[in-house]
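S.K.: So you can see what is in the structure, the chains are spelled out below.
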Amino acid sequence: MNLLKKRRGVSGIISGVFLVAVAVMVFNVLAWQFFQYDAYRQIVLEQDQREWERFNERLAVLEIVAGVQYLNFTVRNYGSVSSHIVTLYFEFINGTKSVHTLNVWISPGTTKRIVNVGPKLTTTDKYDFMIATERGNTFRPSEGQYVSNEIRPGQGQAMPFIFGFGYSDFQYSLSGPPYNWLPAWRPQAGSQPYFRIFLNNTYSQGVIVLAPDTRMAFVLDDFQSSNKRMSYLISSTTVPANSGLYLYFTQLDKSFGGAGSHYYVFVEIFYKFVDSSEIYGTTVGVLAVYTI
Amino acid sequence: MAIVMGGVMIAWAMGLIGSYQGGTQVQYMLMGEKMQEAIVIENVWFQTGTPKKITVFVRNVGVREAKLASLYVDGTSYTNASWPYTLPVGSAIVLQITDFNWAYGSSYLIVVATARGNQARGEWTP
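Chains as they are written, first to last, in our numbering: chain A, 55 to 346; chain B, 2 to 127.
Bound conformation, chain A alone (with noise of 0.2 Å):
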């Protein structure tokens, strides 16, 4: 009683009383700012996290099965997060595309087998895919690169070369250049053509093919020398590393019989790395022909 009698020192509290609230006020802004951004910065973290899994999703398409009635193929996930893929987009060479719903979890270090999925396809189609992942990420086998269904029994040699027996990895032309390229399996009688062949270097580092001694004799099946018709490499050839080109030989040095002569085909390549001066030589596998 005593003090709210004393008028002097009140407004001191007053005051007091107001500078505190103010002050709590302005803790409580700043205590509430605090937090809300301390939330927004949770959702930008989780954002991140998001994106880094986007970014280190790592699938590869391997194995793609050739010869068969639906896509049969090998996904290996050689990133650090798991990957859900969902979608298949398929088109064939003629551009007709599909797109195909899929559901398979791969984990991390893991391979998968996708079989029986896509398009029904025959043995001559030749196509592209990419597969898509929940996170967005697109793969597929390669870029630009048509995948064939079609069987070729050279693959898998355990060879520094690979002849892969497509029907037109082998080709004949009758004219020189401009060439006519067409399959050489059975040759026009009595024609004296010019000759390629498509060669897949196996090597990791490119290899040079050389000229004139990488040659093709044709070696008719009655095994008589003076029966042997040669084609030369026309020019050395370097063939990148891990892919394939066509080499082109001369014009036959003398003409086919008549038709009906079977000739075996030996194809003799002389080769050097392109950083190396040491010459190797191999063989393809035999080719046989006949003329028609």
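These are calculated hints, taken from the structure and not from any lab test.
Built from N, CA and C at the ideal position, the CB exists for glycine as well.
Worth double-checking, as some hints may not be accurate.
[Said to hold, decoys possible] Here are the computed distance ranges between Cβ atoms for each label pair:
1. A:105 / B:106: 30 to 38 Å
2. B:53 / A:180: 22 to 30 Å
3. B:122 / A:102: 19 to 27 Å
4. B:118 / A:257: 50 to 58 Å
5. B:118 / A:222: 51 to 59 Å
6. B:99 / A:85: 54 to 62 Å
7. B:106 / A:84: 43 to 51 Å
8. B:97 / A:157: 24 to 32 Å
9. B:53 / A:327: 41 to 49 Å
[Said to hold, decoys possible] Partial selection, computed: residues in chain A whose CB lies under 8 Å from chain B:
10. 65
11. 68
12. 86
13. 97
14. 101
15. 108
16. 141
17. 143
18. 146
19. 149
20. 150
21. 151
22. 184
23. 188
24. 192
Place chain B on chain A using the hints.
M.R.: Leaving out everything else, chain B in the frame of chain A:
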């Protein structure tokens, strides 16, 4: 008198702070929602035929529903009356542009934008 004026001042300050907090909260909410939304253009098909078409596959890879507001090809909008499209989390949508006379070998910048201002963009060549 001083008490009354102080009370009025505190009430005014609280109103001011409340208004500030409300605005800031809305801003943080919008920024958070925008951050949680993410879309990607998964694939683009350039289709021949008459007329030529472009088909764009868009997927929502965020954790919030996205509302697709615009589609641009080389800066030209191809949004029509059926827009906007709502895209639930994890799902994909197919957007088609009909009657687009694309050419082989030319590159086209395709941009899909959401109502929150996020974009997915990429250059595609038929």
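S.K.: Hint by hint, say whether it matches the structure.
M.R.: Going down the list of hints, with the structure as the test:
1. A:105 / B:106: 30 to 38 Å: Hint holds: Cβ distance 33 Å, inside 30 to 38 Å.
2. B:53 / A:180: 22 to 30 Å: holds (23 Å)
3. B:122 / A:102: 19 to 27 Å: For residue 102 of chain A against residue 122 of chain B, whose Cβ atoms are near 20 Å apart, the range 19 to 27 Å holds.
4. B:118 / A:257: 50 to 58 Å: With Cβ atoms ~52 Å apart, the hint holds.
5. B:118 / A:222: 51 to 59 Å: holds (52 Å)
6. B:99 / A:85: 54 to 62 Å: holds (56 Å)
7. B:106 / A:84: 43 to 51 Å: violated (60 Å)
8. B:97 / A:157: 24 to 32 Å: holds (25 Å)
9. B:53 / A:327: 41 to 49 Å: For residue 53 of chain B and residue 327 of chain A the Cβ distance comes to about 48 Å; the hint holds.
10. 65: holds (6 Å)
11. 68: Residue 68 of chain A check passes; min Cβ-Cβ to chain B is 6 Å, inside 8 Å.
12. 86: Result: holds, 6 Å to nearest chain B Cβ.
13. 97: At 4 Å from the nearest chain B Cβ, residue 97 of chain A passes the 8 Å test, so the hint holds.
14. 101: Since the shortest Cβ distance to chain B is 5 Å, the answer is holds.
15. 108: Because about 7 Å separates residue 108 of chain A from the closest Cβ in chain B, which is inside the 8 Å limit, the hint holds.
16. 141: holds (7 Å)
17. 143: holds (5 Å)
18. 146: violated (13 Å)
19. 149: Because about 6 Å separates residue 149 of chain A from the closest Cβ in chain B, which is inside the 8 Å limit, the hint holds.
20. 150: violated (10 Å)
21. 151: holds (5 Å)
22. 184: Because about 7 Å separates residue 184 of chain A from the closest Cβ in chain B, which is inside the 8 Å limit, the hint holds.
23. 188: It holds, given that the least Cβ distance between residue 188 of chain A and chain B is near 6 Å, below 8 Å.
24. 192: holds (6 Å)
Of the hints listed earlier, those the structure fails to meet are numbers 7, 18, 20, in rising order.
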